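Chains as they are written, first to last, in our numbering: chain A, 62 to 175; chain B, 19 to 129.
For the record, the hints were derived by calculation from the structure and aren't laboratory data. Some hints could be false.
With a straight-line cut-off of 25 angstroms between C-alpha atoms, the simulated SDA-like cross-links for lysine to any residue are [to be verified]: (1) A:K116 - A:V80; (2) B:K60 - A:T173; (3) B:K121 - A:K116; (4) B:K33 - B:A113; (5) B:K23 - A:V123; (6) B:K121 - A:D126; (7) A:K116 - A:D88; (8) A:K116 - A:T136; (9) A:K116 - A:D126; (10) B:K60 - A:R171; (11) A:K102 - B:A113.
All of these numbers come straight from a predicted model, not from anything done at the bench.
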Amino acid sequence: GAVVSQHPSRVICKSGTSVKIECRSLDFQATTMFWYRQFPKQSLMLMATSNEGSKATYEQGVEKDKFLINHASLTLSTLTVTSAHPEDSSFYICSALQGAYEQYFGPGTRLTVT
Amino acid sequence: QQQVKQSPQSLIVQKGGISIINCAYENTAFDYFPWYQQFPGKGPALLIAIRPDVSEKKEGRFTISFNKSAKQFSLHIMDSQPGDSATYFCAATQAGTALIFGKGTTLSVSS
Chain A
62 GAVVSQHPSR
72 VICKSGTSVK
82 IECRSLDFQA
92 TTMFWYRQFP
102 KQSLMLMATS
112 NEGSKATYEQ
122 GVEKDKFLIN
132 HASLTLSTLT
142 VTSAHPEDSS
152 FYICSALQGA
162 YEQYFGPGTR
172 LTVT
Chain B
19 QQQVKQSPQS
29 LIVQKGGISI
39 INCAYENTAF
49 DYFPWYQQFP
59 GKGPALLIAI
69 RPDVSEKKEG
79 RFTISFNKSA
89 KQFSLHIMDS
99 QPGDSATYFC
109 AATQAGTALI
119 FGKGTTLSVS
129 S
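Extracted from the complex, chain A is given alone in its bound form (with noise of 0.2 angstroms):
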C-alpha cells in the first residue's frame, strides 16, 4: 500500500512558540493532502484541504492565521502551528489521496503545548 510520514512524531513546545509538522507521500504523488486534527477518543475532524500550488482550503472554525498550510511540491505539505497554546495539544494527523478516491494517513504528530 501506498506510505505516507509525517514529521516529528511528537513535539513539545512552550505556550507561544510555533511548531511545524511536515507530510510527505513517499511513494505517490498526491496533488491533495488534507489535514485532521484528533482529540482522545473521538473521530478525526478535517482541518483543512492542501492543493499542490494553491492555497489551502480551512474548515469552518479553522484559523488559517493560525495553522499555516503549504503544499509547495506533489509530495510535501506543511502544516505550522503558529502562537501555538495548550488548547491547541491534540493529534494531528495528513492523508494524502492517491488517485480520485483513495486516502492514506500519515502515522499522526502528538503535540503537546507546554
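With chain A's structure known, arrange chain B on it following the hints.
Same frame as chain A, now just chain B:
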C-alpha cells in the same frame, strides 16, 4: 449535522467470533465508502473500501456489505482475533474530496 452515523460505539467479541459494525449515510452523492482501522497513537490505516455499484466486497477476513437503497453499509470481521482489537471508522466521500468519518467503534476481542 452528522452525515455518517456509526454504531455501535463499542463492541466486545470473543475470539473466533464475527464482529459487525454498521454505518448509515445521508448524502446520496457519496460514491466511495472506506473503512479504516486505527490503533492507539497511530494514524488510521485503510482496511477495505467499496463503491456503490457493488453490494459486497471481501478481502480476507474482512467483508463490506452495501445497501444503496437503505443508504447503509457494514463491516464484518470473520474469525475475529485479539490483534483486531482497535478502533474502526467508516467513512464516505466523493472523488477528490475529504473523508466524512463516522464517530468510530472500539472493538475488543477477548481471548
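Okay, the hints, checked on the actual structure:
1. A:K116 - A:V80: holds (20 angstroms)
2. B:K60 - A:T173: holds (16 angstroms)
3. B:K121 - A:K116: Violated, because 29 angstroms separates the two Cα atoms, which is more than 25 angstroms.
4. B:K33 - B:A113: violated (37 angstroms)
5. B:K23 - A:V123: holds (23 angstroms)
6. B:K121 - A:D126: violated (28 angstroms)
7. A:K116 - A:D88: Distance ~24 angstroms between K116 (chain A) and D88 (chain A) Cα, so the pair holds.
8. A:K116 - A:T136: It holds: about 16 angstroms lies between the C-alpha atoms, which stays within 25 angstroms.
9. A:K116 - A:D126: holds (12 angstroms)
10. B:K60 - A:R171: holds (10 angstroms)
11. A:K102 - B:A113: violated (28 angstroms)
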